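Q: Here's the letter readout for the chains.
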Amino acid sequence: MLLNGDEAIAWSALDNGFSLGVGYPGTPSTEVLETFGALGGRAQWAPNEKVALEVGLGAAFARARVMVTMKHVGLNVAADPLFTVAYTGVEGALVIVVADDPGMASSQNEQDSRRYAIAAGVPMLEPADSQQAYDCLARAVEISERWHTPVLLRITTRVSHSKSIVARRTFEPAPAPQYERKAAERVMVPGHARPAHRRLRVKLEAIRAWAEEDGNGTLLYAPLEGADTGLRGIIANGISTVLAREAAPNTAVLQVMMVHPLPEQAVRRFAAAHTQTYVVEEGDPVLWESCVLAGAAPVRNPPIYRFGEMSVARVTRLLAGETTPETPPPPGKPPQLCNGCPHRTAFEILRDRKAIVSGDIGCYTLGVMPPFQAIDTTVCMGASISAGLGLRHVLPEAEARRVVSVIGDSTFMHSGLTGIAEMLYNPPPTGHVVLILDNGTTAMTGMQEHPATGRDLMHGPAHKISIEATVKAMGVPNVVVLDHVANPQALNDTLDRAANEGGLWVIIARRPCLLAAAKIKQYDAANAVRN
Amino acid sequence: MKTFNIVIAGLGGQGIVKASDILADAAFRSGHDVKKAEVHGMSQRGGSVNTDIRYGEQVMSPMVPDGAADILLVMDASQIENNRYRLKPGGKLLTSDCLGSIEHGAPRTAAVAMLGVLSTSLDLGVPAWHAAIRAALPEQHHAANITAFDAGRAYARG
Numbered sequence: 001m002l003l004n005g006d007e008a009i010a011w012s013a014l015d016n017g018f019s020l021g022v023g024y025p026g027t028p029s030t031e032v033l034e035t036f037g038a039l040g041g042r043a044q045w046a047p048n049e050k051v052a053l054e055v056g057l058g059a060a061f062a063r064a065r066v067m068v069t070m071k072h073v074g075l076n077v078a079a080d081p082l083f084t085v086a087y088t089g090v091e092g093a094l095v096i097v098v099a100d101d102p103g104m105a106s107s108q109n110e111q112d113s114r115r116y117a118i119a120a121g122v123p124m125l126e127p128a129d130s131q132q133a134y135d136c137l138a139r140a141v142e143i144s145e146r147w148h149t150p151v152l153l154r155i156t157t158r159v160s161h162s163k164s165i166v167a168r169r170t171f172e173p174a175p176a177p178q179y180e181r182k183a184a185e186r187v188m189v190p191g192h193a194r195p196a197h198r199r200l201r202v203k204l205e206a207i208r209a210w211a212e213e214d215g216n217g218t219l220l221y222a223p224l225e226g227a228d229t230g231l232r233g234i235i236a237n238g239i240s241t242v243l244a245r246e247a248a249p250n251t252a253v254l255q256v257m258m259v260h261p262l263p264e265q266a267v268r269r270f271a272a273a274h275t276q277t278y279v280v281e282e283g284d285p286v287l288w289e290s291c292v293l294a295g296a297a298p299v300r301n302p303p304i305y306r307f308g309e310m311s312v313a314r315v316t317r318l319l320a321g322e323t324t325p326e327t328p329p330p331p332g333k334p335p336q337l338c339n340g341c342p343h344r345t346a347f348e349i350l351r352d353r354k355a356i357v358s359g360d361i362g363c364y365t366l367g368v369m370p371p372f373q374a375i376d377t378t379v380c381m382g383a384s385i386s387a388g389l390g391l392r393h394v395l396p397e398a399e400a401r402r403v404v405s406v407i408g409d410s411t412f413m414h415s416g417l418t419g420i421a422e423m424l425y426n427p428p429p430t431g432h433v434v435l436i437l438d439n440g441t442t443a444m445t446g447m448q449e450h451p452a453t454g455r456d457l458m459h460g461p462a463h464k465i466s467i468e469a470t471v472k473a474m475g476v477p478n479v480v481v482l483d484h485v486a487n488p489q490a491l492n493d494t495l496d497r498a499a500n501e502g503g504l505w506v507i508i509a510r511r512p513c514l515l516a517a518a519k520i521k522q523y524d525a526a527n528a529v530r531n
Numbered sequence: 001m002k003t004f005n006i007v008i009a010g011l012g013g014q015g016i017v018k019a020s021d022i023l024a025d026a027a028f029r030s031g032h033d034v035k036k037a038e039v040h041g042m043s044q045r046g047g048s049v050n051t052d053i054r055y056g057e058q059v060m061s062p063m064v065p066d067g068a069a070d071i072l073l074v075m076d077a078s079q080i081e082n083n084r085y086r087l088k089p090g091g092k093l094l095t096s097d098c099l100g101s102i103e104h105g106a107p108r109t110a111a112v113a114m115l116g117v118l119s120t121s122l123d124l125g126v127p128a129w130h131a132a133i134r135a136a137l138p139e140q141h142h143a144a145n146i147t148a149f150d151a152g153r154a155y156a157r158g
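Residue numbers (our numbering), protein chains in the order written: chain E, 1 to 531; chain P, 1 to 158.
You can trust all of the hints, since none of them are fake.
Okay, derived cross-link-like pairs now, DSBU-like style, lysine-lysine, Cα gap no bigger than 30 Å in a straight line:
| # | chain 1 | residue 1 | chain 2 | residue 2 |
| --- | --- | --- | --- | --- |
| 1 | P | LYS92 | P | LYS18 |
| 2 | E | LYS333 | P | LYS18 |
| 3 | E | LYS519 | E | LYS333 |
| 4 | P | LYS18 | E | LYS521 |
| 5 | E | LYS519 | P | LYS18 |
Far from chain P, some chain E residues (derived; all Cβ distances over 10 Å):
| # | residue |
| --- | --- |
| 6 | GLY191 |
| 7 | GLU213 |
| 8 | ARG510 |
Think of the hints as simulated: they come from the structure by calculation, not from any bench. All figures in this text were calculated on a predicted structure; none of them were measured in a lab. Note that the Cβ used here is the ideal one computed from N, Cα and C, for glycine as well.
One chain only, chain P, in its complex shape (with noise of 0.2 Å):
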């Protein structure tokens, strides 16, 4: 199978990290060679975050290239344009104007409930996301978090 891209973006603070992490996780429990890449430190203090994810039979470069996003997810509306070149052509936009419509949209987890509109346009199991979501956070969280992966998804479905 070809290589999947997907790039994730948005500000510092939104959990763009970890939606990435779990995205990824969920990539390799379905059995897909996985990279996934962002950068830390200085980016991170409310400036502009953004991290590649690639999954397929076998992934080269982690950083997805320029035009060749299969799905680019923005998490604030603030970094729409300016991540719009990293789309191919064709490609799917996600933005999370749809948050308010999913009941379980609340900030702290919007970028999961963003994973799961996104898990619409992607071939891994809802068995493989919720396994990823609960490795990636605290068990106290994992509820929360669950129900808004599959409020999200249910949305998408429509």
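With the rest of the complex left out, here is chain E (with noise of 0.2 Å):
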């Protein structure tokens, strides 16, 4: 089969009988629960990452075997339980997939989730290609099973949607979910805790014991032309792997694996075998902080190489040393709102407006762009609501009142709540103005469902939660639903209402997305038809 590292995932997670997936959309990761669902497994969208990562690990707690996906900033959201799961350690298989975007083609940072394995304590994996993916699920299903373990498998941009061919293989079944008290393990009060880090240290060197094997936690490749001379060698994760064979054709290239806990003899040997050691990998130094540490000394490499993705142009420089500006490629089209799309009119009217907007991640960032330039901030999921409450404690009156928070209806459910939460509790002396963009769907990902769409992650039937009444329910006093669209007019006059009164507001701005309204309305027909 000819499949992206994503869909690679889905399969193997359906081979290893995994009775689970659970995750939070987020370019590149989405496709593994999507294709997991459509392969007929049981696969969930939770409102945010830490949920979808402790359903996870209680699944994981009963034996179950169960994968966690997200992106990786959805990683700094689920980072509370991972550190901790760490510690109690499952009786199943938890797999935590995460994919990374370095060069950030649809992020708002690249930060390398290598970081976190070394942080939590948690073994992580890295596959260069479809079939590593797939065979990497295996492997840290075992790993997970074995050791008692969660296990990151951590994939790239170009891992997660790049196709290559791949095998299926056969595997054992999985064991069926049971329940066992565990109390010590799993009840993380200090007493049992520190004993808990002591554990999973010894977890650790044992596992790095066992990724010394070649086949275990790395790769050897002989120089695809000509012998190993054993002057130079390069040790490289991931992507990075391909790039510099074809990069170095005549260079013998080791692939770490296992990137957490390092392998530290079989890096020691390659690198004793040859006169100079390179390490290839995207992001941060991670891999040559490691090898440092393991006494492979390795060269290091010039700083502008942490930046973006790798590339055998790329490779290529960084082994011949070369720091010279790298050329930036022609620049293309970016990204806009779609023709037709409904929060091109909720810009248009804030900028008229001049709002100062706390915005938020979604397509609707994309209202930074000509001819709306109408944000001024985005952070993180979630913080348009608490960073404008923010802007509204500290700035003068006038220029408060012109302060907005705008965000999606899916970015609200995953981290929207909270920030009504901090509103209510400690509103600025100006009130707050709260404009939910609620287009029906997680757009930006590829319209995925969350819980207040009434669909499940395969788009049949579930609990719809209404903002509206939630928020009404926690005590906003103000709440306005309109469609913008068909009445531009009614949102610049509940905006006028807002500024003068003051108060707390929350305004639903509700009007389906372009290219999900079809789509909705196919599903919830057929729904109709279900009930």
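Assemble the dimeric complex from its two separately framed chains, guided by the hints.
A: This is how it looks when you write it as structure tokens:
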């Protein structure tokens, strides 16, 4: 089969008998769960990544095989359970699939998830192509069940969204879920957590020892052309492995699949067999630092190579020690809000009102582009509401009244509710206005469902949370629902009232995403028949 | 055999990704090692889209190195100049200019018609192409797309 990395992981989850896949959409990780669901696996979107990981660890306490999927920034949201499930361990298999985005094709930063593996003490595997992605999930199950530890499976944009050939394999059937009480391992009071931390470090050393064997934690590739001269060797991880093999066909390459804990002896042995050892990696110098600690004394890369994606040309430059500025590719046409997108009307109105817009993550972040240029800040999921409150707290009154928090429906379900709680608990003197652009879908990642759409991951019927009823029940005094495309004046008038009267406002501007509208009608019609 | 490199470029919504899936599958069905790279997400919102397809005995990088494309197929005139650097010296540039002369170059099948044009420069058999088109599209679109592919191929053969 010709599969991309995400699809390969989904097929592997199916073939390895996973009971559950749970996550939150995020490019480039989204297709893992969509494919798993389409193949008949039980796949669910959670409101956010923290909830997803908690559902996953509960299932893994009950001996199930479960995967939790997210993009790199999602792991920040899930970091709280991550650090402690490393202590508790699991009974079944818990695999956290995290997709990094070096070069930021569709992200707000290019943080490196390998740091999380080291910080939390969770083993991390990283594949270079789709076959390895398929195999690494099976490997992660083996490690997770043998050492009762969660395992991180890191992929990057070019592994997620590149297709290559995959051969399926057969595996032992998964054990049936069952529960056994082990409170000393799973209730992390200090008295339990202190020995748990010591157990974790012992486990990691045992896993490191297992990973020393070639084929477990590393793969050694002889040069594609000619013999290994012993002069130069390359240590690489993930996609950089194939880039290095192509850029330096006369050089031996050691691929590190077990990013953490690093198989130190294997790395040292490889370095000792070569006069000079280079490390080729994207992102932070994580592999380089680990190799230094292992005593492999690799060449230090010039700092320019930690930015953006690697390519065959960049690896060639790196190996030549080239530090001259790199020529950026000619600019293409930047993304923009679709013609007919309901967000366009909202941002025209906000622009013309000269609002100070505290923005959020989604398609509507494109409101920063011309001809709107109507967003002032975007940091992370949910920050629109809380950062808007911060602006309101300290700005002079006239400016404070111009501040509007703008957030989408899926992002609101992900991280907006706590912002509303903060707004009600610590209201700014001028009040505040939250504008929820409710287009009925998670549009940016490809129109996924969420808890306020009334449909599950496979678009079947599910409970629909009412955003307006929720914020009213929390105590927001002024809640207005309108269709700003049908009636732009209504949005303008409501924003006028909110600015003049002060107080706390949630305005829900509801109009379906233009791309999703026809699909939503189809799903709802099919679900009505089913009911 | 050496690795053969194709870059398909255009704008979001032109069927670039689907066309590259069909090409990669046709190469896979012809027994080659294949890799294909694309960028999703934000770049799909009407912005530039390009996909790289490589096939041969053993493919390493899924991305075509700059200046190494044997063929650059561009589906939108605005995207020619910014992608020209992908082409190797002496490589072939195919643009969608000829679509007006192809009977089935209608917007919905334009990308597949251009695959027909492209197919005359590649050593992949017509049955593999047809099977790849069928595998990539819902059944109700099979006939129109195979007709468009054949029309593009016939046009290019002159």
